[in-house]
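2 protein chains.
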Amino acid sequence: MTTTSQDRAAMNGVDVPVLFATLDLVREQQELGEFQFRARNEWVSGTHNRTFVDGFYGAGQEDATRDRPFVLDADHPAVLVGQDHGPTAVEYLLHAIAACLTHGIANVAAARGIELHRVASTVEGDISLLGMLGIDTGVRNGYRQIRVHFEIEGDATAEQLEAVVRRSQDRSAVYDVLTHGTDVVVDVHASPDETR
Amino acid sequence: MTTTSQDRAAMNGVDVPVLFATLDLVREQQELGEFQFRARNEWVSGTHNRTFVDGFYGAGQEDATRDRPFVLDADHPAVLVGQDHGPTAVEYLLHAIAACLTHGIANVAAARGIELHRVASTVEGDISLLGMLGIDTGVRNGYRQIRVHFEIEGDATAEQLEAVVRRSQDRSAVYDVLTHGTDVVVDVHASPDETR
Numbered sequence: 001m002t003t004t005s006q007d008r009a010a011m012n013g014v015d016v017p018v019l020f021a022t023l024d025l026v027r028e029q030q031e032l033g034e035f036q037f038r039a040r041n042e043w044v045s046g047t048h049n050r051t052f053v054d055g056f057y058g059a060g061q062e063d064a065t066r067d068r069p070f071v072l073d074a075d076h077p078a079v080l081v082g083q084d085h086g087p088t089a090v091e092y093l094l095h096a097i098a099a100c101l102t103h104g105i106a107n108v109a110a111a112r113g114i115e116l117h118r119v120a121s122t123v124e125g126d127i128s129l130l131g132m133l134g135i136d137t138g139v140r141n142g143y144r145q146i147r148v149h150f151e152i153e154g155d156a157t158a159e160q161l162e163a164v165v166r167r168s169q170d171r172s173a174v175y176d177v178l179t180h181g182t183d184v185v186v187d188v189h190a191s192p193d194e195t196r
Numbered sequence: 001m002t003t004t005s006q007d008r009a010a011m012n013g014v015d016v017p018v019l020f021a022t023l024d025l026v027r028e029q030q031e032l033g034e035f036q037f038r039a040r041n042e043w044v045s046g047t048h049n050r051t052f053v054d055g056f057y058g059a060g061q062e063d064a065t066r067d068r069p070f071v072l073d074a075d076h077p078a079v080l081v082g083q084d085h086g087p088t089a090v091e092y093l094l095h096a097i098a099a100c101l102t103h104g105i106a107n108v109a110a111a112r113g114i115e116l117h118r119v120a121s122t123v124e125g126d127i128s129l130l131g132m133l134g135i136d137t138g139v140r141n142g143y144r145q146i147r148v149h150f151e152i153e154g155d156a157t158a159e160q161l162e163a164v165v166r167r168s169q170d171r172s173a174v175y176d177v178l179t180h181g182t183d184v185v186v187d188v189h190a191s192p193d194e195t196r
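Residue numbers (the UniProt record's numbering), protein chains in the order written: chain A, 1 to 196; chain B, 1 to 196.
Simulated from the structure, these hints should not be mistaken for laboratory data.
Where is the CB? At the ideal position from N, CA and C, for every residue including glycine.
Do not take every clue at face value.
Simulated DEER-style distance windows between Cβ atoms [stated by the list, open to error]:
1. A:THR137 / B:GLN36: 16 to 26 angstroms
2. A:ASP193 / B:GLY55: 38 to 48 angstroms
3. A:ARG68 / B:HIS117: 20 to 30 angstroms
4. A:ASP193 / B:GLN83: 39 to 49 angstroms
5. A:GLN83 / B:GLU115: 16 to 26 angstroms
Some chain A residues judged to face chain B by a derived CB distance under 8 angstroms, without partners named [to be verified]:
6. LEU25
7. THR47
8. THR102
9. ASN107
10. ASN141
11. ILE146
12. GLU153
13. VAL174
14. TYR175
15. ASP176
16. VAL177
Facing chain A, a subset of chain B residues (Cβ under 10 angstroms, in silico) [said to hold, decoys possible]:
17. ASN41
18. HIS76
19. ASP84
20. THR137
21. HIS180
22. HIS189
Please take these sequences and the hints and turn them into a complete structure.
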């Protein structure tokens with residue numbers, strides 16, 4: 001198979017020269033690597049709520065390239081007394097780990113000159129509701145295990161393809177947070193009914 | 001203000017009798033509290049990938065109430081060499097924490113007979129890309145801090161409203177996973193190019 005220089009530039013849909021230029025730039029000006037991502041959420045009704053994702057800070061400035069917010073609905077399914085207007089929050093965690101690893105797989109493969117034919121993954125998370133329902137507070141609220149299974153096909157050996165997934169895992173922001181946890185600060189501004 | 005029994009049943013859009021009946025049922029048959037959530041993701045091109053969320057196991061059976069999958073696109077923004085077809089994986093984490101806490105706030109308030117007027121939150125996450133780009137592997141890949149700020153208005157005192165948020169935080173599955181981490185297993189099935 002012949003690969004033209006244009007194909008090479010856009011290996012796996014990744015603009016490899018721009019990827020390497022970005023890496024070089026951040027290596028030289030490390031403050032450009034500092035990012036702040038943001039979201040705002042509004043309660044709709046019951047367990048239904050909606051998040052808007054738009055601006056973020058990164059590469060030394062407020063990003064102005066997004067012309068509209070991404071809108072994400074979350075709800076509980078009927079069996080959890082919701083109306084199923086969107087995935088539950090815990091399902092979004094499973095999406096986040098698959099998406100983060102797959103972001104990385106495409107980039108790592110492109111940087112290594114490996115053409116991918118297919119990447120697909122399934123994610124399962126086991127969770128008991130006994131803790132979060134307050135029935136047995138000795139049971140943790142969150143997932144006790146998350147399993148991600150990747151199928152990866154590409155123009156490389158099985159060993160090279162697996163190494164791409166492992167490198168992505170080693171560098172994944174979501175994998176890091178889900179396995180090691182992070183500092184989460186919650187603060188509250190409450191506006192009571194003034195007549196009380 | 002008069003509250004009819006119908007309003008009371010659907011306090012904050014939460015069907016309170018069904019919520020309490022669900023709690024009672026799981027308390028009596030604790031195996032019903034065992035859930036498995038799932039997602040499947042397909043790489044599209046570059047950092048763009050797409051997750052499908054549909055079936056899950058819970059309350060003793062495979063759930064059959066969802067008639068279509070929820071579809072979630074993830075991508076990197078332009079500054080991170082993507083095409084911005086969706087939020088990044090790390091932005092989905094911010095959505096997940098806001099959504100999970102807000103799911104809980106509506107339920108806890110309803111269970112306590114507190115009518116909510118408004119719940120809104122903003123989330124910020126600070127992250128350095130130096131680790132994930134391989135420029136400084138001493139820097140963690142994930143968020144070093146996530147901050148959630150809630151505005152809550154309702155028919156209760158400020159203290160009662162704040163207590164609703166804190167109870168939701170104490171029982172939140174996503175808060176637990178993001179602060180404590182969990183076990184994440186990644187396995188790979190690689191299909192190499194057979195001609196190599």
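How the hints compare with the structure:
Our hint of 16 to 26 angstroms for THR137 (chain A) and GLN36 (chain B) holds, since their Cβ atoms are close to 22 angstroms apart. Against the hinted window of 38 to 48 angstroms, the Cβ-Cβ separation of ASP193 (chain A) and GLY55 (chain B) comes to about 42 angstroms, which satisfies the hint. Between ARG68 (chain A) and HIS117 (chain B) the beta carbon distance is about 28 angstroms. The supplied range of 20 to 30 angstroms therefore holds. Range check, ASP193 (chain A) to GLN83 (chain B): Cβ separation about 47 angstroms, and the 39 to 49 angstroms hint holds.
Take GLN83 (chain A) and GLU115 (chain B): their Cβ atoms lie about 19 angstroms apart, and the range 16 to 26 angstroms holds. With a least beta-carbon distance of about 10 angstroms to chain B, the hint placing LEU25 (chain A) at the interface is violated under the 8 angstroms criterion. Interface restraint check: THR47 (chain A) against chain B, minimum CB-CB distance 5 angstroms, threshold 8 angstroms, status holds. At its closest, the beta carbon of THR102 (chain A) sits 4 angstroms from a beta carbon of chain B; the interface hint therefore holds under the 8 angstroms criterion.
Because the beta carbon of ASN107 (chain A) sits about 7 angstroms from the nearest beta carbon in chain B, less than 8 angstroms, this interface hint is met. Of the supplied interface hints, the one on ASN141 (chain A) holds, with its beta-carbon coming within about 4 angstroms of a beta-carbon of chain B, less than 8 angstroms. With its C-beta approaching chain B no nearer than about 5 angstroms, ILE146 (chain A) sits inside the 8 angstroms limit, and its interface hint holds. Residue-level restraint check for GLU153 (chain A) holds (minimum Cβ-Cβ distance to chain B is 4 angstroms; threshold 8 angstroms).
For VAL174 (chain A), the shortest C-beta to C-beta distance to chain B is roughly 5 angstroms, which falls under 8 angstroms, so the interface hint holds. The interface hint given for TYR175 (chain A) holds, since its Cβ lies 6 angstroms from the closest Cβ of chain B, which is under the 8 angstroms cut-off. Proximity of ASP176 (chain A) to chain B holds as hinted, the smallest CB-CB distance being about 3 angstroms (cut-off 8 angstroms). Given hint, VAL177 (chain A) at the interface with chain B, holds; its Cβ is 4 angstroms from that chain's nearest Cβ, closer than 8 angstroms.
About 4 angstroms separates the beta-carbon of ASN41 (chain B) from the nearest beta-carbon of chain A, less than 10 angstroms, and the hint is met. The closest approach between the C-beta of HIS76 (chain B) and any C-beta of chain A is roughly 6 angstroms, which is under the 10 angstroms cut-off, so the hint is satisfied. With its C-beta approaching chain A no nearer than about 6 angstroms, ASP84 (chain B) sits inside the 10 angstroms limit, and its interface hint holds. For THR137 (chain B), the interface hint holds, the least distance from its beta-carbon to any beta-carbon of chain A being 9 angstroms, beneath 10 angstroms.
With a cut of 10 angstroms, the hint placing HIS180 (chain B) at the interface with chain A holds, because the nearest CB-to-CB distance is about 5 angstroms. Given hint, HIS189 (chain B) at the interface with chain A, holds; its Cβ is 5 angstroms from that chain's nearest Cβ, closer than 10 angstroms.
The structure does not agree with numbered hint 6 stated previously, though it agrees with all others.
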